[in-house]
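Take the sequences, apply the hints, and build the full model.
The opening residue of the sequence shown carries number 0 in numbering that gives the first Met the number 0; numbering runs sequentially from there.
Hints were generated in silico from the structure; no laboratory data involved. A few of these clues could be false.
Straight-line Cα separation of at most 20 Å, EDC-like style, residue types lysine to aspartate or glutamate; simulated pairs [what the hints assert, rightly or not]:
(1) 48 x 59
(2) 49 x 70
(3) 48 x 73
(4) 48 x 77
(5) 49 x 73
(6) 48 x 69
(7) 27 x 38
(8) 26 x 38
(9) 48 x 70
(10) 49 x 12
(11) 55 x 69
(12) 48 x 65
(13) 49 x 65
(14) 55 x 73
(15) 49 x 77
(16) 49 x 69
(17) 55 x 70
(18) 48 x 12
Pairwise CB distance ranges, derived in the manner of DEER restraints [claimed, not checked]:
(19) 60 x 30: 35 to 43 Å
(20) 29 x 65: 41 to 49 Å
(21) 76 x 54: 14 to 22 Å
(22) 24 x 62: 33 to 41 Å
Quick reminder that beta carbons are idealized off the backbone N, C-alpha and C, glycines included.
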Amino acid sequence: MANDNATEGQQPEALATFAATARNDGKKPDDIGLTATPESGPLPASSEKKAQAATKVLREGVLKRDQGADEAVDALPDRTRDT
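Printed below as a string of structure tokens:
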């Protein structure tokens with residue numbers, strides 16, 4: 000499978016590999032190699048939104064009360080959902 004310019008020379012995202020493996024009865028699919036494809040390449044997401052979501056997740060872990068982490072994480076692209 001040929002790469003497009005957006006994934007040229009990049010490795011597949013780990014979550015894309017893990018999700019595909021989980022859907023394939025625990026065996027990494029043969030079509031996932033060492034180079035990203037359009038399906039396994041990085042998803043565009045704001046670094047600021049990712050940092051805010053991570054901060055909320057960590058705050059919830061420390062404070063043991065709702066900080067809006069679920070909503071912040073749900074707003075980010077999710078590679079693990081089968082589309």
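Hints, one by one, checked against the model:
1. 48 x 59: holds, 17 Å
2. 49 x 70: holds, 12 Å
3. 48 x 73: The given pair, whose Cα atoms are some 11 Å apart, holds under the 20 Å limit.
4. 48 x 77: holds, 13 Å
5. 49 x 73: holds, 11 Å
6. 48 x 69: Roughly 13 Å between the alpha carbons, so the hint for residue 48 and residue 69 holds.
7. 27 x 38: Since the Cα atoms of residue 27 and residue 38 sit roughly 15 Å apart, the hinted pair holds (cutoff 20 Å).
8. 26 x 38: holds, 18 Å
9. 48 x 70: holds, 11 Å
10. 49 x 12: holds, 15 Å
11. 55 x 69: Measuring from Cα to Cα gives roughly 9 Å; hence the hint holds.
12. 48 x 65: With Cα atoms ~18 Å apart, residue 48 and residue 65 stay inside 20 Å; holds.
13. 49 x 65: Roughly 18 Å separates the two Cα atoms, so the pair holds.
14. 55 x 73: holds, 12 Å
15. 49 x 77: The given pair, whose Cα atoms are some 12 Å apart, holds under the 20 Å limit.
16. 49 x 69: holds, 12 Å
17. 55 x 70: At roughly 10 Å apart (the allowed maximum being 20 Å), residue 70 and residue 55 satisfy the hint.
18. 48 x 12: holds, 18 Å
19. 60 x 30: 35 to 43 Å: Between residue 60 and residue 30, where Cβ atoms are some 36 Å apart, the hint holds.
20. 29 x 65: 41 to 49 Å: holds, 43 Å
21. 76 x 54: 14 to 22 Å: Taking Cβ atoms as reference, residue 76 and residue 54 lie about 18 Å apart, which means the hint holds.
22. 24 x 62: 33 to 41 Å: holds, 39 Å
The structure shown violates none of the earlier numbered hints.
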